[in-house]
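Protein sequences appear in the order of chains A, B and C.
Residues 1 to 323, numbered by this note's numbering, are exactly what the first sequence covers, in order.
Residues 1 to 329, numbered by this note's numbering, are exactly what the second sequence covers, in order.
Residues 1 to 270, numbered by this note's numbering, are exactly what the third sequence covers, in order.
Because the hints were derived from the structure by calculation, they are not lab data.
This structure is a prediction, so every number in the text was calculated from the model and none was measured.
Take every hint as true, because none was put in to throw you off.
Taking lysine-lysine pairs in the DSBU-like style, the calculated list, with each CA pair at most 30 Å apart, reads:
| no. | chain 1 | residue 1 | chain 2 | residue 2 |
| --- | --- | --- | --- | --- |
| 1 | A | K210 | B | K66 |
| 2 | B | K174 | B | K66 |
| 3 | C | K230 | A | K278 |
| 4 | B | K82 | A | K210 |
| 5 | B | K66 | B | K82 |
| 6 | A | K210 | B | K59 |
Derived DEER-like restraints, expressed as beta-carbon distance ranges:
| no. | chain 1 | residue 1 | chain 2 | residue 2 | range |
| --- | --- | --- | --- | --- | --- |
| 7 | A | W163 | C | D31 | 39 to 47 Å |
| 8 | C | S151 | B | P61 | 29 to 37 Å |
| 9 | C | I166 | A | L5 | 34 to 42 Å |
| 10 | A | V309 | B | P61 | 28 to 36 Å |
| 11 | A | V21 | B | V187 | 55 to 63 Å |
| 12 | A | M25 | B | P61 | 55 to 63 Å |
| 13 | B | N281 | A | L116 | 44 to 52 Å |
| 14 | C | T170 | B | K59 | 40 to 48 Å |
Yeah, the Cβ is synthetic: ideal placement off N, Cα and C, and Gly gets one too.
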Amino acid sequence: MGKFLIRRATSSFIVLAMSVVMVFMSIRILPGDPVLAKLGAATEVTPAALKALREEAGLNRPLLVQLFSWINRALHGDLGVSYFSQFPVTRLVAERIPVTLELTFFIIVIAVVLSLILAPLSTLKPGSIVDRVIGYFTSTGLSVPGFVIGIIFILIFSLQLQWLPSRGYVPMSEGVAENLKLMILPSITGGLTATPYLVRYLRASMLEIKQSPFVRTAEGKGLSSARILFRHILPNSLVPTLTMLGLIVGYTLSGVVVIEYMFGLPGIGSLAIESSFKRDYVVIQGVALTIISFFILTTFLFDVLCGIVDPRLRLAKEQKSEV
Amino acid sequence: MKNALIVNNLTLSVPSSKGRVRVVDDVSFDIPAGTKVGLVGESGSGKSLTAYSLMRLIKDPVRIDKGEIFIGDREILGMSMKEFRHMRGNDISMIYQDPMSALNPIMRIGAQIIESIQLHSDVNHAQARKMAIEHLASVGIPEPDRRIDSYPFEMSGGMLQRVVIAIALSGEPKVLIADEATTALDVTTQDRVLTLIDKLAAERGLSVLLITHDLGVAAQFSDEIMVMYAGKLVERGSVNQIFSNPVHPYTKALLDSRCDYTIDVTKPINSIAGQPPRPDNRPEGCVFSPRCEHVQLQCREGVPPLISVQDRLAACFRADELYQVGMVH
Amino acid sequence: MKFKSRFSFSGFLILLILGICLAAPILSPYDPNAIGVADSFSGPTGSHWFGADDLGRDLLSRILYGGRITILIAMSATLIALIIGTLWGLTAGVRRGWVDEFLMRTADATMAIPQILFALVCISAVGASVISLPIVVGILLSPTTARMARSAVVTELSADYVVAAIASGTKRSRLIISEVMPNIAPQLLVQLSINAAAAVMLEATLSFIGLGIQPPNASWGTLMLQGYAKIWNTYWFVFFPAMAVTITILAFNAYGERIRVTMDSRRSSI
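Given the sequences, and given the hints that come with them, work out the whole structure.
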């Protein structure tokens, strides 16, 4: 198990490093000047003043120097201070992360539960009405943008039925019921966005496994279809699906940004959007680092889970025994 | 002797560009209790499909068009699936060609045997585990109490096939079908597995249907041989009779085309001219007639039924005379 | 590569949408920016089929013109993704070795960045415009195309007839053009469709959160943003552009699926 973990960890780290560098560089290489944004178009800016400000922000140093200095400080927990509000970025992120985590958690739970219901139903009798209806739902779900789903829900549940509020957030510490009421719509929206992908993938995986010889053996033993589905087909389908789930999380994180903004949830997604408007590059960097790290960590964890579920992955080094 | 298995007029078909065509054509046979029958034929002869029908494992697009199958004295094709499931493993069992892919790769072999045991008898987990270890021992797996917790990929092909046999026999069926069960194994292991099946069959009074394309394996193992060609059963007899005096031209040609170290290397290998017909392209009359060296007019006009010729059954109009000719030599 | 001329509904739909948007100036009953206070907030009526917004601008016209912008951006992005992705994948697939490793790791890294976040970062730097959006979205969508192109090239190049051709001296570059490209063309077409759908979705999302096309220009996403603010009394501001976006994405996805299914059945009917 150890070797397996090390391999995966190294691989994840490389990807993390590359993507973070990419984000960092994009901000600096792309045309567009954060300093100008801060000053705004209103003031008359002399080139000298501009240069001074840039030096102050450290933007005049060579790129690699900037990169390493930032990484160095990040490793010490210092993500810089917001270019506009002078708040330490780390504090901003720490304040808002619980919201995002809560939302992501709910979304994933909803997506997984829905998929574990819909996909087996689909594979029980491929081609049946149930399967086809689920298929239509999946195709449509893939094509509807997340925020449209959110809009529809708001229209129905907040506007028409007046059952649920559409904006705002209350931390759990101030009231679990209030918190949940405000989280229902965003969570379901996110969940419904991610579910079609998961169902599709799980279904395809299960149908493929269904053709395997060992399923025939299981039938030959006299097991019922249900037992075969849940005890033999599903576990074998989970391994490739777990990898997919890791990707789904990444995709969800993308959607979470929009959902937070739509529903007025103060998480790091909406923080990213707000700072984009203001061109607050320091915050954007810090948020990007956080989100990407989180994503890669999750993918890594799912890889580990794969290793647990499929013994072949962990024990591949074992010697074959004699006849 | 009572019959463990009776098959009447079994016919299977698949869709083709010419509509549904038969891949197993009006096959009938019975297997007396305690007999070991080898079913031989080329790929595409319909032997595997016949076997799968016995377990009702036939899936679309293949369909059973007609026929009756009696296991013991119960007809299984007319039963509801729910009822028949009880019989799987309990009355009839099957072992397969590739043991590695026949087992769930992420489930310990012990769990897979226990699953079968608990399905067919009312025991708790601890008892089932004990029984599982006994079963593993009975198929010759060393250190069964350790091996029971292994995963399939940790074991070799020969061992896995023994496990598959253990699972198949755990419900104490009366009929065992072995579908090319030794084809994926090396020759030594093949021998060991066949010996094992032989032993177990004798101990438990099992009837075995061994499906194979390997004549040597069939000869070594079976009491009786059935030969299939292009979906039809063409000959049946005891193993000695068939090998010493094959009556049906196909059987004869098949035996003549064998290669072993005794053949004359200066002469060309005897192969049967032509190819077996595709299901959608079957000839009129006897299905072997295009390739038969004894073909006559009547062979192209009517389908020869399986008739009794002295000590065996053959589907040939000229069976009698061919039998006499063979006896003389 | 000729496909059976059986009618493809999704293909037809795509052409219809493209056609309608192209013909916007002819089809729209009003000038999309014409303000008519008298009609403001009217729901779908005879004179305003999709209703009018708070400034009395006809929504149908705005949707037609907005479609032009959305489709334009999406198509450009798709094209850019196709070009970059194919070159990316082809280079990796042909060169192999560390070039391949590096290029594919970069693709992995790009895919590891959640899409909206990446777009956020880039847009916040360069600003949103009809030029920047396609480039950013195009770059975002290129890794998947690159992956697909690479694996297709690797598979094709290892085909027996290609190996034989190389062994007998044919230049690889010639082979790529004459043999490999035609064979991966259908897969590229599927990718093109899927990317188009994704591009429309991304553009709409970005504009919806305000990081896309800015007013007074309006793509479908921008229309939805404006509509969202007024959602309480006048749901149709949001509803119609949302429908337009969804149907367009559906059409592209369906078309891509259809090609893929046709391709698969072709392959297995040998």
